[in-house]
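Could you put the whole structure together from the sequences, leaning on the hints where they help?
Those sequence lines, one after another, are chains D, A, V and Y.
Going letter by letter, the first sequence gives residues 1 to 246 in this note's numbering.
Going letter by letter, the second sequence gives residues 1 to 246 in this note's numbering.
Going letter by letter, the third sequence gives residues 1 to 246 in this note's numbering.
Going letter by letter, the fourth sequence gives residues 1 to 246 in this note's numbering.
Mimicking SDA-like on lysine to any residue, the simulated pairs with C-alpha atoms at most 25 Å apart in a straight line are:
| # | chain 1 | residue 1 | chain 2 | residue 2 |
| --- | --- | --- | --- | --- |
| 1 | V | Lys139 | D | Asp41 |
| 2 | A | Lys224 | Y | Tyr206 |
| 3 | Y | Lys228 | V | Trp120 |
| 4 | D | Lys38 | D | Pro142 |
| 5 | D | Lys139 | V | Asp162 |
| 6 | V | Lys243 | D | Glu171 |
| 7 | V | Lys243 | Y | Thr119 |
Everything labelled a hint here was simulated from the structure, so no lab data went into it.
4 protein chains.
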Amino acid sequence: MAINVTVWNEFHHEKTDEAVKAIYPDGIHAYIKSFLDKEEDMNVTICSLDEPEQGLTDELLNKTDVLLWWGHMRHNDVSDELVAKVRARVLGGMGFMPLHSAHHSKPFKAILGTTGDLTWGRNQTAILWNLCPTHPIAKGIPAHFTLYEELYAEPFFIPKPDDLIFGTWYEDGNIFRGGATFTRGLGKIFYFHPGHESCESFKNEYVQTVIKNAVRWCAPVELKDGFKLDGCIHQQDGDAPYKASI
Amino acid sequence: MAINVTVWNEFHHEKTDEAVKAIYPDGIHAYIKSFLDKEEDMNVTICSLDEPEQGLTDELLNKTDVLLWWGHMRHNDVSDELVAKVRARVLGGMGFMPLHSAHHSKPFKAILGTTGDLTWGRNQTAILWNLCPTHPIAKGIPAHFTLYEELYAEPFFIPKPDDLIFGTWYEDGNIFRGGATFTRGLGKIFYFHPGHESCESFKNEYVQTVIKNAVRWCAPVELKDGFKLDGCIHQQDGDAPYKASI
Amino acid sequence: MAINVTVWNEFHHEKTDEAVKAIYPDGIHAYIKSFLDKEEDMNVTICSLDEPEQGLTDELLNKTDVLLWWGHMRHNDVSDELVAKVRARVLGGMGFMPLHSAHHSKPFKAILGTTGDLTWGRNQTAILWNLCPTHPIAKGIPAHFTLYEELYAEPFFIPKPDDLIFGTWYEDGNIFRGGATFTRGLGKIFYFHPGHESCESFKNEYVQTVIKNAVRWCAPVELKDGFKLDGCIHQQDGDAPYKASI
Amino acid sequence: MAINVTVWNEFHHEKTDEAVKAIYPDGIHAYIKSFLDKEEDMNVTICSLDEPEQGLTDELLNKTDVLLWWGHMRHNDVSDELVAKVRARVLGGMGFMPLHSAHHSKPFKAILGTTGDLTWGRNQTAILWNLCPTHPIAKGIPAHFTLYEELYAEPFFIPKPDDLIFGTWYEDGNIFRGGATFTRGLGKIFYFHPGHESCESFKNEYVQTVIKNAVRWCAPVELKDGFKLDGCIHQQDGDAPYKASI
Numbered sequence: 001m002a003i004n005v006t007v008w009n010e011f012h013h014e015k016t017d018e019a020v021k022a023i024y025p026d027g028i029h030a031y032i033k034s035f036l037d038k039e040e041d042m043n044v045t046i047c048s049l050d051e052p053e054q055g056l057t058d059e060l061l062n063k064t065d066v067l068l069w070w071g072h073m074r075h076n077d078v079s080d081e082l083v084a085k086v087r088a089r090v091l092g093g094m095g096f097m098p099l100h101s102a103h104h105s106k107p108f109k110a111i112l113g114t115t116g117d118l119t120w121g122r123n124q125t126a127i128l129w130n131l132c133p134t135h136p137i138a139k140g141i142p143a144h145f146t147l148y149e150e151l152y153a154e155p156f157f158i159p160k161p162d163d164l165i166f167g168t169w170y171e172d173g174n175i176f177r178g179g180a181t182f183t184r185g186l187g188k189i190f191y192f193h194p195g196h197e198s199c200e201s202f203k204n205e206y207v208q209t210v211i212k213n214a215v216r217w218c219a220p221v222e223l224k225d226g227f228k229l230d231g232c233i234h235q236q237d238g239d240a241p242y243k244a245s246i
Numbered sequence: 001m002a003i004n005v006t007v008w009n010e011f012h013h014e015k016t017d018e019a020v021k022a023i024y025p026d027g028i029h030a031y032i033k034s035f036l037d038k039e040e041d042m043n044v045t046i047c048s049l050d051e052p053e054q055g056l057t058d059e060l061l062n063k064t065d066v067l068l069w070w071g072h073m074r075h076n077d078v079s080d081e082l083v084a085k086v087r088a089r090v091l092g093g094m095g096f097m098p099l100h101s102a103h104h105s106k107p108f109k110a111i112l113g114t115t116g117d118l119t120w121g122r123n124q125t126a127i128l129w130n131l132c133p134t135h136p137i138a139k140g141i142p143a144h145f146t147l148y149e150e151l152y153a154e155p156f157f158i159p160k161p162d163d164l165i166f167g168t169w170y171e172d173g174n175i176f177r178g179g180a181t182f183t184r185g186l187g188k189i190f191y192f193h194p195g196h197e198s199c200e201s202f203k204n205e206y207v208q209t210v211i212k213n214a215v216r217w218c219a220p221v222e223l224k225d226g227f228k229l230d231g232c233i234h235q236q237d238g239d240a241p242y243k244a245s246i
Numbered sequence: 001m002a003i004n005v006t007v008w009n010e011f012h013h014e015k016t017d018e019a020v021k022a023i024y025p026d027g028i029h030a031y032i033k034s035f036l037d038k039e040e041d042m043n044v045t046i047c048s049l050d051e052p053e054q055g056l057t058d059e060l061l062n063k064t065d066v067l068l069w070w071g072h073m074r075h076n077d078v079s080d081e082l083v084a085k086v087r088a089r090v091l092g093g094m095g096f097m098p099l100h101s102a103h104h105s106k107p108f109k110a111i112l113g114t115t116g117d118l119t120w121g122r123n124q125t126a127i128l129w130n131l132c133p134t135h136p137i138a139k140g141i142p143a144h145f146t147l148y149e150e151l152y153a154e155p156f157f158i159p160k161p162d163d164l165i166f167g168t169w170y171e172d173g174n175i176f177r178g179g180a181t182f183t184r185g186l187g188k189i190f191y192f193h194p195g196h197e198s199c200e201s202f203k204n205e206y207v208q209t210v211i212k213n214a215v216r217w218c219a220p221v222e223l224k225d226g227f228k229l230d231g232c233i234h235q236q237d238g239d240a241p242y243k244a245s246i
Numbered sequence: 001m002a003i004n005v006t007v008w009n010e011f012h013h014e015k016t017d018e019a020v021k022a023i024y025p026d027g028i029h030a031y032i033k034s035f036l037d038k039e040e041d042m043n044v045t046i047c048s049l050d051e052p053e054q055g056l057t058d059e060l061l062n063k064t065d066v067l068l069w070w071g072h073m074r075h076n077d078v079s080d081e082l083v084a085k086v087r088a089r090v091l092g093g094m095g096f097m098p099l100h101s102a103h104h105s106k107p108f109k110a111i112l113g114t115t116g117d118l119t120w121g122r123n124q125t126a127i128l129w130n131l132c133p134t135h136p137i138a139k140g141i142p143a144h145f146t147l148y149e150e151l152y153a154e155p156f157f158i159p160k161p162d163d164l165i166f167g168t169w170y171e172d173g174n175i176f177r178g179g180a181t182f183t184r185g186l187g188k189i190f191y192f193h194p195g196h197e198s199c200e201s202f203k204n205e206y207v208q209t210v211i212k213n214a215v216r217w218c219a220p221v222e223l224k225d226g227f228k229l230d231g232c233i234h235q236q237d238g239d240a241p242y243k244a245s246i
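This is the structure we're talking about:
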């Protein structure tokens, strides 16, 4: 059964900046859809901030298996109500992949519990090192590959990752925990730093491979009874897993 | 220099339930203060929900090094504004120790990013196992010790702990990750499950030892430059850590 | 392509103890093979200590993708030479699944770096709690299931697991980190505690499901260049990932 | 009570290479002792490979609280018997700090369970980034500091660290998990990469601070009953932590 992937984009730079428009004429979300569409096991929908209900109707959100999120200039325009819905869906099992400047998005902060603050600077050569080659997200990725990207660097205020998949080197002397996994409730999260609007990282084959791998890794798994996320469970005496013999 | 410890209590059951009042006549917060006061390196303040500014004035919060939090029936009465302040302080380095039913408190959820949902049930024999004997929080704690406590059990919806210090066994066949550490921003967090209002766990010497140890472990550390939590840092070209030779 | 699974068994109790023979007449290894054989993606070979080269010829070991190991009374009869070979294969990517009393086997100790010491006792009711329901190893497993097993309990001297999948409750008041993952080099390891020779845990459907899941999770992944495990790599000047422009 | 620190050195380069001798005329071990001796809470002993019993008599090893280890050319000359003794002491609680090329020493491999293989290359500018500023080992260390060091780089075949304290950037485009903690049994381990014999890193104030901090962090803690490392414990029926009432 196909994975329902939804790519949400703020879709601002691509409409207002000619240089960005030249790289992603239909928007970053449309570009990501274009390469995910080649995967038989993915069913991709795109949406953006200026659409009704900020792009994420309840119907769309509730059928989404994995949500990719790209935002930058308009983080604050996302409604707290939508953030609460996204958070609840992630805790309930929906995969979540904040990309690049989504480290400062409201859902990122609400789900990870931190500010996502980092150090940033000029676009430059960035070398991504594969620190976890046996992880499904790193499948098909060599020991290192090179991008031209905006500097995103330490200190990066994230919780300790479950797994640190990629570490990035920059010309200016910086490093970054640029690809990291987290779990919240039943949801798997992968933050991946490439994707500045004025760079072309989403056209890089390894970036595309990582995103495809991560979609599959993030996808919800079917669970047996006992893991519904609908509040605390009151274990009545008769329900105790152990009944002492009399 | 002494650690400024603030014990915040909802202070509800102790005023409304005679059985609870008999155990903790001045409130759980006052009782915790009574044993922390014996430590020379701790300077303890208590406060509660019905006081002005819900007990935590900016002045008190800003001088607090480690905040203990006990709440149960009135989680929703805590203002979102106060929760945001507590979260910001934790991310900035204040230690945070949610106790017992604070697993469902607003600060717990806002800081950890999860619901804190768990399974609960009748008071019963609980055996706490020391899974991390070399951790500072476990100092002086034997391989196991026994309490009579409310059942708090798995599934427990918390992020993967940094360290799992205690695992708890219950008569009814349940187990619980009952003592666990987390880091958020510059703040250290320790969740500890004992402390039901109708039990007497805060009078147990090992529970007291754990709380004392955890206060010291949670206390903020002095940091060198470069770790201020006041938003992202823009690294200007001249600030780059590495200057390639020309 | 099928996963080449090899089940190694000391095969001692089943030949010397009538009660054990009654449960596993052809040996624990043969029984495990019998349920793994039903999986289309697994190609299962069994072997045991008294066979030539202690059951693991170089040819067999080198084609093994995932090695299951059951030993108890005769750990010391396994040659150090074979242990070194098994360790090298795990570091090179072979999956490794030490079962039950293999916590004290030579390969377990050589690969994990610890003693594997634990507390043990009488056979009794054991309830396994699923602490990581979204992990591939826990697929299809409910929140808890019950076995009748030998007591294996904390303190358990293992390194901090990558993921703690199962925690076990025992009638006698003990708990155990009974299903835990580790990574060493390119190899994935899963320790799983059920499987005492006088109990019947390998006949339990959930135990079988966990072992099947873990075989798939442990199986080696194909890696790109840069991850060969044949000693340190000398990066010559011309090989540097970054060439500063002149 | 002072921490008994023992600094073991292979002591080869400093006797055979004039350039190294010029930097560390009395050996790296003597130099490390010289700055640790300034700490009132440390009692430092030095020893080296060519001394009787390879420098580590049972008496010295058994009274050592924290063992620092520097080796490079003569790893294979260290006897397996001594390695086994060191490993047993670490599992029993002794702190262990392998420095620089000790990533390939026999004790490192025996205790961590991996090969310690890495990529190495020419001496160059290395910038160490403080990824865990609230960890005791990072106390007093700024967000980054610069050394001139031998290239030690990823892929680095170590188990997933408990905490990744430092990540290192190199001119040649490489990064390295250069400061990492592990736990084995009751022993704490810190691997730290600076210290090439032809560089002067041990003279750097931050390197010295990190080593001092790590000695204190590694030092054994006093444990209550129940954690003796002398084999498995047989829990007799009468010893069960829980006695069901009749």
